[in-house]
Structure formats: C-alpha cells, structure tokens
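As given, the protein sequences belong to chains A and B, one line each in that order. Our numbering numbers the first residue of the first sequence as 71 and each following residue consecutively. Our numbering numbers the first residue of the second sequence as 500 and each following residue consecutively.
Since the hints were derived computationally from the structure, they do not count as laboratory data. For each residue, glycine too, the CB sits at the ideal point set by N, CA and C. Hints may be right or wrong, so weigh each one.
[As the list claims (entries may be wrong)] Chain B regions said to be covered by chain A (calculated; three or more residues, Cβ under 8 Å):
1) 550-560
2) 614-625
3) 636-646
4) 790-800
[What the hints assert, rightly or not] Calculated pairs, EDC-like style, for lysine to aspartate or glutamate (alpha carbon to alpha carbon, straight line, at most 20 Å):
5) B:LYS623 - A:GLU356
6) A:LYS344 - B:ASP502
7) A:LYS316 - B:ASP635
8) A:LYS424 - A:GLU152
9) A:LYS316 - B:ASP502
10) A:LYS293 - B:ASP637
11) A:LYS316 - B:ASP637
12) A:LYS318 - B:ASP781
13) A:LYS318 - B:ASP767
14) A:LYS272 - B:GLU772
15) A:LYS438 - A:ASP208
16) B:LYS623 - A:ASP304
17) A:LYS360 - B:ASP558
18) A:LYS293 - B:GLU772
19) A:LYS363 - B:ASP558
20) B:LYS623 - A:ASP303
21) A:LYS363 - B:ASP502
22) A:LYS316 - B:ASP621
23) B:LYS623 - A:ASP164
24) A:LYS363 - B:ASP781
25) A:LYS344 - B:ASP635
26) A:LYS364 - B:ASP635
27) A:LYS265 - B:ASP767
28) A:LYS260 - A:ASP237
29) A:LYS344 - B:ASP781
30) A:LYS360 - B:ASP767
31) A:LYS364 - B:ASP558
32) A:LYS273 - B:ASP781
33) A:LYS316 - B:ASP558
34) A:LYS318 - B:ASP637
35) A:LYS318 - B:ASP621
Residue-level listing of the chains:
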Amino acid sequence: MGKGLIVRHRSLLILTTTVTVSALTLSACGSRDDKSGGGDSGEKTTVVIGVDAPLTGDLSALGQGIKNSSDLAVKTANKNNEVEGVTFKLESLDDQAQAGTGQQNATKLVGNDKVVGVVGPLNSHVGQSMQKVFGNADLVQVSPANTAPELSQGPNWQKGDKKRLFDTYFRTSTTDAVQGPYAAQYLFNKRKLKKAYIIDDKKTYGAGLAGTFSDEFKKLGGKVVGTDHINPDDRDFSAVGTKVAKSKADFVYYGGEYPAGAPLSAQITKAGSKAPVVGGDALYSEEYIKLGKKNVEGDLATSVGAPLETLDTAKTFMENYKSAGYKLPYEAYGGYSYDSTWAIIQAVKAVVEKNDGKLPDNIDDTRKQVTEAMQDVKFKGVTGDVAFDEYGDTTNKQLSVYEVKGGKHKPVQTGTFEEG
Amino acid sequence: MQDLPDQLANGLALGALYGLIAIGYTMVYGIVQLINFAHGEIFMIGGFGALTAYLWLPDGTGLAVALPLMILLAVVCAVLVAIGAERFAYRPLRGGPRLSPLITAIGLSLALQQAVWAFYPDAKKARPFPQLGGSDFDLGFVTLSREDLFIFVSAPVCMLALGLFVAKTRTGRAMQATSQDPDTAKLMGVNTDRIIVMAFAIGAAFAAVAAIAQGFKTGEVNFRMGFIAGLKAFTAAVLGGIGNIYGAMVGGLVLGVAEALATAYIGDIPGLEQFGGGSWKDVWAFILLILVLLVRPQGILGERLADRA
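Assemble the whole structure, with the sequences as input and the hints as a guide.
In structure tokens form, the structure reads like this:
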C-alpha cells in the first residue's frame with residue numbers, strides 16, 4: 071500500500087512537471103520581445119500600427135476582415151504619402167477571442183517601440199483586458215467593434231454615473247447602450263411584435279446587449295415571455311428550441327455571436343417555431359447565413375452605422391478592397407477598421423505637423439502626443455463622419471436593421487437612436 | 500410540462516449521440532484500461548470525413564445517394580486515424596506506467612485538433628454541414644425532425660450489431676476474454692494485439708456515425724467539436740459503468756435526458772429560477788453523475804470495477 075502511494079505520487083509529479091513545462095514553453099512563445107527591423111531609410115521613419123483581432127477560431131471571419139481593412143488603410147496612406155516622412159507598417163496579432171491572449175498581445179505591442187497605435191480588438195471582453203496595458207503605456211487604441219458601454223463610460227454608466235477610465239481608449243463603433251434599445255424600438259413600434267424570448271451567452275457583449283434590449287422593450291410595454299442563457303461553446307440547443315416554440319414568443323432576441331447564434335436559430339426553427347431570431351452586429355455576418363442556411367430566413371440583426379452600400383464614402387473603400395485582392399470579405403467591421411486605422415494615421419499626422427515635420431525622438435513622447443491628438447481627430451471616413459466624444463466614443467450614432475432575405479442580409483431600416 | 504414528450508425526444512437524441520461516442524471510451528477502457536482522451540478528436544475527424552465525401556460529390560446529389568458515401572468515408576477516416584493512433588502512440592507505451600499513455604492521449608488530442616485546423620481547407624472556422632431538409636414527422640404526441648431520426652435509427656442498429664458481434668462471433672468472444680484477463684487470453688491463443696486494434700476501430704466507427712448525427716443536428720462541423728462531445732461521452736461512459744458497452748449507451752441516454760430536462764424545467768421550480776436554462780444544464784448533469792457514483796461507484800450497469808484499475 072505504502073509503495074503504491076509513492077508510485078502514485080511520482081506519477082503525479084511527472085504529470086505536474088509536464089504540464090508546467092509545456093505551459094512555460096507556451097507562454098514564452100507569447101512574450102518574445104519583438105524589435106521590428108523597419109529602421110530609418112533615408113529620412114523616412116517607419117512606425118507600426120498594431121492590429122489585434124481573432125484571426126483564427128470561430129470569429130476569424132470577422133477578425134480577418136478587420137485585419138485586411140486595416141492593411142488597406144495602411145497601404146493607402148503609404149501610397150498617397152499621407153504623412154510626410156512617415157511610412158506605416160502593420161503588425162497583426164491573433165487574440166483567438168480570448169481575454170488572456172489579448173492581454174499578452176497588448177503587452178507585446180507595448181514592448182515594440184515602433185508601435186504608435188493599435189486597432190482592435192473585436193470582442194468587448196478582450197477589449198476590457200487590454201485597456202489597462204495600453205493605458206499605462208499611453209498607447210492609443212481604437213476599436214472598430216467593441217460595443218460594451220462600460221469600456222468607455224465606466225462600470226456605472228447605467229446609473230448615469232459616466233466616467234471615462236482610460237484616455238487611450240477610443241472606438242468607431244456604436245455601443246450596446248444604443249444598439250439594444252434601437253432594436254427594441256424597431257421591433258415594438260414598426261413590427262408590432264409584443265412578446266420576446268430573450269437569450270444570451272453570458273459574455274460581456276452578449277449579456278450587455280440582451281440587458282439593454284430587455285430594459286427598453288419592457289419600457290415600451292413589450293412582454294418578455296421567457297429568458298435563457300446558453301454556453302457559447304455548445305452546439306446542441308434542441309431543448310432551448312422546444313422551450314421557445316412552446317412559449318409562443320413573437321421573436322427571440324439573442325445577445326451573442328454568430329457561431330452559437332446560427333445553430334441556435336436553426337434549432338429553434340426545427341423545433342417548430344416561426345419566431346425570427348433578432349440580434350446585434352455579431353449576427354450580421356455572412357457566416358451566420360452559411361451556417362444556418364434556410365433556417366435563418368427572416369432573422370434580423372442590427373449593426374452600427376448605415377449600410378456601406380448606401381454611403382458614397384464607402385464606395386471607394388469597397389472598390390479598393392476588391393482590387394487589392396484580399397481572399398476574405400471585409401465583413402461587418404471592415405469599414406470601421408479602415409476608419410480606426412485612418413484615425414491613428416491622422417493622429418500621427420497631427421503630431422508630425424506639430425513637431426515641425428518629425429515625430430518626437432522618444433517613443434513615449436510620440437505615444438503620448440498621438441493619444442492627445444486622437445481626441446481632436448476629425449475626418450470623413452468610410453462609415454460617415456469620424457470624431458470622438460469626451461468618452462472616446464464615436465459621435466456617429468447611426469444604426470441599421472438588416473433582415474435575412476433570400477440568403478443575404480438586406481437593410482430594412484437605417485436611423486439614429488433617440489431616447490424615448 | 501406539455502412539451503415533455505418533445506423534450507424527452509430532444510434528450511434521447513442527444514443521449515444516443517453521447518452513447519455512440521461513449522462506446523469508444525468504454526471498449527478501449529474495458530480491454531486496455533486506457534482512457535483514450537483523443538477519442539473526441541476521432542469523432543471530429545469522422546465529421547470532417549463525412550463533409551469531405553459530401554463536397555466531393557457533384558452539387559445536387561440527393562442525400563439518399565450521398566448519405567451512405569458520407570457514412571463510409573467518415574468511418575474509414577476515423578478508423579484509420581484510430582488505428583494509427585493505437586499503433587504509433589499507445590502500443591509503444593503498453594506496459595509502461597499508467598500515466599504515460601494518458602498524457603500521450605491528451606497530447607494526441609491537441610495534435611489532431613491542430614492538424615485539422617491547419618490542413619483541412621477553411622477549417623479555421625466552422626464548416627457548414629449538409630442538412631436533410633424536408634418537414635418534421637408529427638407523431639401526434641411528439642414531433643421528430645429528420646435530423647433526430649438519423650440518430651434514432653442509427654444508434655439502435657449500431658448497438659444491436661455490436662451486441663451480436665460481441666456475444667456471437669469468435670472475435671467477439673476473444674474480445675470478452677481479453678477484457679477479463681489479457682494474459683490468460685493470450686495463453687489460450689488469442690491475438691491480443693489484434694483485439695486491441697479491433698476495439699479502437701469499432702469505437703472509431705461508432706464515433707464517426709455520431710459525428711454525422713451531430714453534423715445534421717447542429718448544421719456544422721468544426722475542429723473543436725470533439726472536445727465538449729468527448730468530455731460528455733466520457734462522462735456518459737463513467738455514468739453507465741465504464742467497461743460495459745450497454746452501460747455506455749444507458750449512461751449517454753441518462754445524461755442526454757438529464758440535460759434536456761434541466762434546460763427545460765429546473766428554471767420553473769420556485770427558488771431555482773437562477774439555476775435553470777441552457778447554461779446550467781452541465782452543472783445539473785454533473786450533479787447527477789456525482790449522485791449516481793455515490794450510490795453506485797461502479798456506474799449504473801458497471802459490474803467489476805473492483806478488480807480493475
């Protein structure tokens with residue numbers, strides 16, 4: 071018996087050692103110090119704009135769109151010599167939609183003394199983990215897709231106590247504080263749908279969206295006939311589907327992203343419910359329709375901004391994106407990513423102009439001044455007028471509703487959210 | 500509660516799927532006492548095998564033609580990978596410390612997952628899986644979708660075939676003998692190496708069928724689908740009594756029904772509103788597992804765990 075115990079301990083020791091060693095090896099891969107070799111060629115300074123997005127995994131369709139669109143902005147700036155004497159380079163990192171990885175990436179970008187600004191991330195919970203790292207380093211961050219209000223307005227925004235936590239955080243996307251209620255108003259007033267079944271995936275984005283939707287919908291006089299929470303990694307939602315079907319809800323509001331949203335909607339339909347699934351911008355993806363096929367016909371999604379197809383400013387972007395020959399589409403956040411990147415380029419431009427045509431010698435000064443300049447950046451972007459308010463949020467509060475018709479997201483309404 | 504029949508059907512469909520995967524855990528454990536944690540990935544590879552067959556066929560091929568080919572290629576892919584894993588990852592370690600093959604299994608699981616992620620075209624995101632289409636079957640008291648029908652037909656057929664195979668054929672009896680006492684079986688002239696390969700292959704074939712069922716059910720296959728499914732199936736195998744093939748199916752069904760009912764009804768119990776719904780179903784399923792193991796440590800149908808492990 072005693073001997074058996076010793077053997078068991080030794081085996082455990084081996085196991086623990088293996089796990090520890092592999093964990094260390096993995097983390098070492100992440101923290102490798104990168105000095106990008108750009109260097110000064112003649113009088114040109116090369117600076118790096120970082121991109122952080124999920125480039126692999128479930129949400130990679132959106133992430134690759136962000137990366138490519140940022141790349142297009144950088145290439146355009148270099149081609150047009152947008153900032154005299156400065157060449158831009160892109161460094162894109164994969165956060166796999168995980169907060170921990172995002173934070174490591176943030177540290178890595180801060181450690182690279184060529185980086186003057188970062189575009190990203192896609193996910194609100196990842197954004198949350200990166201903010202402090204960038205805040206401490208005075209490195210400006212512009213997210214094309216974070217929609218959780220607390221990222222810019224602080225944790226007590228719902229009680230009216232808005233407080234900006236990080237001067238380095240900006241975003242070109244509208245927040246859930248607007249997106250959820252906008253959907254509620256559309257469904258209640260325009261579609262006359264009164265009974266909602268609300269589901270979320272418990273993530274920062276999903277739960278936040280479902281919360282703001284639910285509040286506004288009840289305020290308008292709508293009835294919530296059921297609520298549920300799902301695990302975003304699950305793919306079997308048949309039991310939830312049956313529940314929805316029996317609840318006789320007019321529609322389902324889902325706070326979450328398309329990888330779980332598409333099978334959820336399909337299984338609600340299969341359970342015999344005619345209720346459309348309505349969600350936020352993370353359902354506004356071609357992948358949602360590819361995965362859900364005809365079972366997601368009639369589903370609705372809101373997205374920030376006006377449909378790119380209707381904006382004159384966006385036409386050039388779409389043409390250039392096409393001719394640049396990227397393999398994957400720009401997806402829901404392409405325009406916002408281009409604008410986020412362009413905002414950083416404009417901030418760098420302002421700093422160069424302020425310092426007699428040069429960037430400060432010290433990277434810390436450069437970052438500080440770029441962050442300050444960002445507050446006053448103003449230009450006509452792909453998605454409309456780009457400018458930031460006192461919290462770092464976009465001043466563009468336009469939203470659109472899309473419906474899946476004939477296997478495509480078709481815009482059905484565009485407008486500006488008004489408190490009601 | 501008027502949706503009880505529908506929820507039971509949901510649970511049984513999910514449970515039969517878990518059960519089919521659990522067969523692989525339980526057979527391998529019954530014969531070599533190895534928890535093959537890479538089994539979830541074998542399941543996933545079966546799913547991609549079926550998808551490959553479907554993509555090879557010209558557009559518009561009816562599912563009546565496509566389905567047999569999908570099952571065939573799914574089974575072939577899964578079995579080949581499982582046999583390769585047995586030959587190159589587990590056999591060299593047989594007779595070594597119990598933990599070595601376990602760690603190998605975890606490593607193999609990660610390796611297979613990443614291999615599909617890296618080399619299968621476009622597998623970095625979920626790949627859409629063909630759907631059966633057509634309307635549901637309304638049996639009056641319960642509505643069955645065509646997707647569920649696939650698992651309700653294939654699971655009993657598989658179980659019946661396996662039961663007959665193990666009880667009636669020569670190889671099946673050799674399998675039982677090896678499971679009871681490998682050394683004696685060897686002395687009696689049983690080629691135990693071949694029996695072990697057989698156990699891996701049968702488990703893989705069943706997992707491949709389950710992967711098609713899951714593809715139909717959820718409309719997609721992705722490189723991570725084996726992780727959660729494997730974990731659930733392993734739980735099902737333990738719940739039913741690991742080492743017992745019928746236990747695996749019973750454990751799967753109990754687990755599936757428990758999940759469906761927990762999702763549907765726990766939230767209606769006064770005071771438990773917070774703990775109902777899809778996000779808590781796994782917690783309830785594991786509470787059930789713990790309760791069963793407290794009363795019956797050998798699992799629901801388990802027999803002779805005492806002289807094992």
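Status of the hints after comparison with the structure:
no.: 1; hint: 550-560; verdict: violated (count 0)
no.: 2; hint: 614-625; verdict: holds (count 4)
no.: 3; hint: 636-646; verdict: holds (count 3)
no.: 4; hint: 790-800; verdict: violated (count 0)
no.: 5; hint: B:LYS623 - A:GLU356; verdict: 15 Å, holds
no.: 6; hint: A:LYS344 - B:ASP502; verdict: 17 Å, holds
no.: 7; hint: A:LYS316 - B:ASP635; verdict: 16 Å, holds
no.: 8; hint: A:LYS424 - A:GLU152; verdict: 15 Å, holds
no.: 9; hint: A:LYS316 - B:ASP502; verdict: 7 Å, holds
no.: 10; hint: A:LYS293 - B:ASP637; verdict: 30 Å, violated
no.: 11; hint: A:LYS316 - B:ASP637; verdict: 15 Å, holds
no.: 12; hint: A:LYS318 - B:ASP781; verdict: 26 Å, violated
no.: 13; hint: A:LYS318 - B:ASP767; verdict: 17 Å, holds
no.: 14; hint: A:LYS272 - B:GLU772; verdict: 16 Å, holds
no.: 15; hint: A:LYS438 - A:ASP208; verdict: 5 Å, holds
no.: 16; hint: B:LYS623 - A:ASP304; verdict: 17 Å, holds
no.: 17; hint: A:LYS360 - B:ASP558; verdict: 16 Å, holds
no.: 18; hint: A:LYS293 - B:GLU772; verdict: 18 Å, holds
no.: 19; hint: A:LYS363 - B:ASP558; verdict: 16 Å, holds
no.: 20; hint: B:LYS623 - A:ASP303; verdict: 15 Å, holds
no.: 21; hint: A:LYS363 - B:ASP502; verdict: 26 Å, violated
no.: 22; hint: A:LYS316 - B:ASP621; verdict: 37 Å, violated
no.: 23; hint: B:LYS623 - A:ASP164; verdict: 13 Å, holds
no.: 24; hint: A:LYS363 - B:ASP781; verdict: 28 Å, violated
no.: 25; hint: A:LYS344 - B:ASP635; verdict: 14 Å, holds
no.: 26; hint: A:LYS364 - B:ASP635; verdict: 15 Å, holds
no.: 27; hint: A:LYS265 - B:ASP767; verdict: 19 Å, holds
no.: 28; hint: A:LYS260 - A:ASP237; verdict: 39 Å, violated
no.: 29; hint: A:LYS344 - B:ASP781; verdict: 28 Å, violated
no.: 30; hint: A:LYS360 - B:ASP767; verdict: 35 Å, violated
no.: 31; hint: A:LYS364 - B:ASP558; verdict: 17 Å, holds
no.: 32; hint: A:LYS273 - B:ASP781; verdict: 17 Å, holds
no.: 33; hint: A:LYS316 - B:ASP558; verdict: 37 Å, violated
no.: 34; hint: A:LYS318 - B:ASP637; verdict: 18 Å, holds
no.: 35; hint: A:LYS318 - B:ASP621; verdict: 38 Å, violated
Checked against the numbered hints listed earlier, the structure breaks hints 1, 4, 10, 12, 21, 22, 24, 28, 29, 30, 33 and 35; every other hint is satisfied.
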